[in-house]
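Given next are the chains, with one letter for each unit.
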Amino acid sequence: MAGISRDDVAHVARLARLALTEEELDRFSGQLAAVLEHAADVASLDTAGVPPTAHPFPLVNVLRDDVPGPSLDRDEVLSEAPAAEDGRFRVPRILGEAP
Amino acid sequence: MSAAGVAAAVRAGARAAVDVVEEHLASIAGREDELHAFNLVLADEARAAAEEIDRRVAAGEDPGPLAGVPVALKDNLCTRGIATTCSSRILDGWRPPYDATVVTRLREAGAVLVGKTNMDEFAMGSSTENSAFGPTRNPHDLSRVPGGSSGGSATAVAAGFAAAALGSDTGGSIRQPAALCGVVGVKPTYGLVSRYGLVAFASSLDQVGPITTSVADAAAVLEVIAGHDPADSTSLPRPAPALRAVLGEGVEGLRVGVLREFVDAVDPEVAARVTAAATALESAGAKVDEASVPATTLGLSAYYLIATAEASSNLARYDGVRYGLRVDGDDITSMYGATRAAGFGAEVKRRIMLGTYALSAGYYDAYYGQAQKARTLIIRDFDAAYGSYDLLLAPTTPTTAFELGAKAGDPLTMYLSDVCTIPSNLAGHPAMSLPYGRGGDGLPIGVQLLAPALGEATMFRAAAVLEASLA
Amino acid sequence: MVVGLEVHCELATATKLFCSCRNAFGDEPNTNVCPVCLGLPGSLPVLNRQAVELAMRVGLALHCSVEPSVFHRKNYFYPDMPKDYQVSQYDRPINVGGFLDLPDGSRVGVTRAHMEEDTGKTTHVGGGGGRIHGADHSLVDYNRAGVPLVEIVSEPDIRSSEQAKAYVNELRAILVAIGASDARMEEGSLRVDANVSMRRAGEAAYGTRAEIKNLNSVRSLGRALEHEARRQVGLLEAGEAVVQETRHWNEDEGRTSSMRSKEEAYDYRYFPEPDLVPLAPAAEWLAGVEAGLPALPAARRLALADAAGVPPTEPAVATVVSQGLDDLVTAAVGAGADGRLALNRAANELAHKPAPEPVAFAKVLVMEAGGRLTATQAKAVLAELVAGGGDPEEIAKAKGFEALGGDVVAEAVDAAIAAHPGEWERYAGGEAKLAGFFVGKVMAATAGKADGKAVTGLLRERSANR
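So the protein sequences, as listed, match chains A, B and C.
Counted the way the numbering used here counts, the first sequence spans residues 1 to 99.
Counted the way the numbering used here counts, the second sequence spans residues 1001 to 1471.
Counted the way the numbering used here counts, the third sequence spans residues 2001 to 2466.
Okay, chain A solo, but in the shape it has when bound:
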């Protein structure tokens, strides 16, 4: 299993919307590679026929009745907003449509 390259780290940082400095890219590449190397024991495990565990306890069908409940007060919500306008959250210009 190949380690993680600096390009991989840059790609992953973009996916995660983290604007890293060049120094951070260098430092993190080394550190992440070390962790992934350690994780090779799991990556190379023979897991034929072993199902994955998503939840430790097998609950199913947890449902809620379709009954309206209280919503938050808009002023309280917007008071925590970094920027608001017209009762809405204001953000800098969006350059593209949703992926």
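Source of the hints: derived by calculation from the structure; they are not laboratory data.
Even glycine gets a Cβ: it sits at the ideal position worked out from N, Cα and C.
Hints may contain errors.
[Said to hold, decoys possible] These stretches of chain A come out as covered by chain C in the derived footprint (C-beta under 8 Å, 3 or more residues):
#1 26-32
#2 38-51
#3 86-99
[As the list claims (entries may be wrong)] Here are the simulated EDC-like pairs of lysine to aspartate or glutamate, each with C-alpha atoms no more than 20 Å apart in a straight line:
#4 C:Lys2213 x C:Asp2101
#5 C:Lys2121 x A:Asp86
#6 C:Lys2121 x A:Glu22
Given chain A, put chains B and C in place with the hints provided.
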């Protein structure tokens, strides 16, 4: 005074809740500067809450099972109108419009909230050195870490700032600081305690639990906060277990396995305390033997793939749009990038990237997929062990408290602190650490009890016996 | 043309998918929000039982298999997404493998119909006409965030823009009939994206497809598909390749423009949602949903066609069902009316009007079929019935509609022929449209009581017998 003691005295009218609060606020005033257990001390709120408790007692109303008990809350538990920062710059000053379910339950039980405690940022760390607001120090030795990520809560209890605290445990974040600070820390069965209002780190691993000075106190607090919550879909459909009632039942006939893989991973003096604990249980009538859960050696790797993957998704919402820090940009993408770069510390960034990588196209099967399968293997090995044993006994941490800065340079070294605690989170099983002697350096050592899912009662019985054996 | 459609429909629940905020359209921004649908730190989702019920109805109505399913997180950053991931379903959706039968008799496969939460709404400020391009900043309203959606994905079985429109209309009718959604494209409770590719006739392989978004009506869908087909054919004939991308339909300009390349598929990093547990609807629940389904349009068309004695693909059949008049027509046929006549009269005269009483309706049709009323007269009687009820015989009498004997009509025809020899020569010589001239003359002579069809029949007879 223990939490149970405070509650009994306040309920009986023998002590005023306001006096109890003042006592604890005085302790805080005395040592908080040097320890930095809190991000926020709630002196006025605590006094007001205590007054209300006293009023209710005087009026003959039931003030609740934890009446007047000063409680500290890890700063990743939402408290309505009160800053909840997760010790991160990205949430600095954020005030949630709602209380976490566990917070509501504590309030309704009459507990008095004295403050929000420091932690590793977003619960990612084992030393509380990853806090954006400076580290917390171990009350037993100011040059050492209290452990993490619930370091502030463990310190608050160890230093007498609060009679009890809540922490959260994803890979050991309650148990490890409890061990390093010489207090009791419990991670319940996954789903026993509601996660609604706990700021998520790794959703399938996180649990809220008590940190206290005694086993009885841990039982009392757990009884209050546990039990089904309809607001949490992963909450088990059962009420809180009866724990205080079983504390005196002893361990006669109980089969206890000393977990070999963990004992092998720790310092000899830590291992020696486990041996001492085994002897104590045997003297009390338990059958003690050596147990093996081989797959636990996969725990560290599986954890750092699963937890970081879930975290990378859970932390995406911190984007400067709706709350918290915003660093402006020309367009939204640069705003996202700049905000998250400025708002998150290095450890959080590392884990987000590791998690993103583990989930990314082409790598999902090899990393996240495999890790979920390793998880199955760990559960199977635990289940096999619990075929022969009712409880497992183990160390909690590899060493006593290490020095501030000692492990900060190498993340991997820090991660290794969690080998004895991580597997229980992966399995969803309960586990607790209780203080069991000291090392040669005079620092506390904790031993750990592990039980199968919903085995809290058995676990607490054994913990009570061990605690008594030190007296 | 090869088309696959992805249709998102908002479910008509009282509350959102994962919280109890109201699922309502048009309220003041950010007034139907809570920690859960805002994705505040510490919040957790809890699944709405009614949303599952409606999703099952959709699946069953589309003949899907309803399976145990799980939710997945679809991770990407966008300001209308409170958590910067969308809770959706990935490789274990609730409904798989169904189909839709269209009025023209064709069948379109449905790959899957899964559940997911809706996003908030962004408005763009400062650009032209509220578009993203050139905007200065944007504003976000999260009222819609968390509203339950079902995404219905068709197989690429659609072969024309007409068929695509029919698919959407049929789907809409079904969704409304089962009470799952009010499915209004103009209001956004039904959203359609189209995947289009072209290939030569006889070719088995599919061409490269483009995805088209921003279709706000069925009409836009049709126009966009036609435009896109021409665009792609133009490229291919010029020896160029069609790029796999997403294109934005501009209704005003009548064309699509490129939005982004789908070549590099976005890495959504799907993984099972750890805050939700799997869904495995009990057999009894499923059976109950199935039993509670109303008669669906396709079944109603078959039943109506059968009752009326016509092929199910006859256009009036679909129209009558979509107007909800099938019960009326079936009853009328039962009361003696001719099936085809009943269908046509209902489709053309009774749309959007209160239905007449079936026996009375049948009577009018019988009178018309028997020649006692002309078509025009029958329509007039029907209009009267619809407006105020009553008995057709009496209405006809009151209006002075009498049966005109066949010989009276023949006399009038002969008189008209005799009076206009020039036009007659031309008609008999092949100018068929002069029939209208003679019909007009006969109508004038009989004060409108002659049956136009009878007149044209007689004209043909007379010219054939010359």
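Hints, verified against the model:
1. 26-32: violated (count 0)
2. 38-51: violated (count 0)
3. 86-99: Per the Cβ count (14), the hint holds.
4. C:Lys2213 x C:Asp2101: Given pair C:Lys2213, C:Asp2101 is violated - Cα atoms ~25 Å apart, limit 20 Å.
5. C:Lys2121 x A:Asp86: Holds, at about 14 Å.
6. C:Lys2121 x A:Glu22: The hint is violated at about 36 Å.
Violated hints, in rising order: 1, 2, 4 and 6; the structure is consistent with all others.
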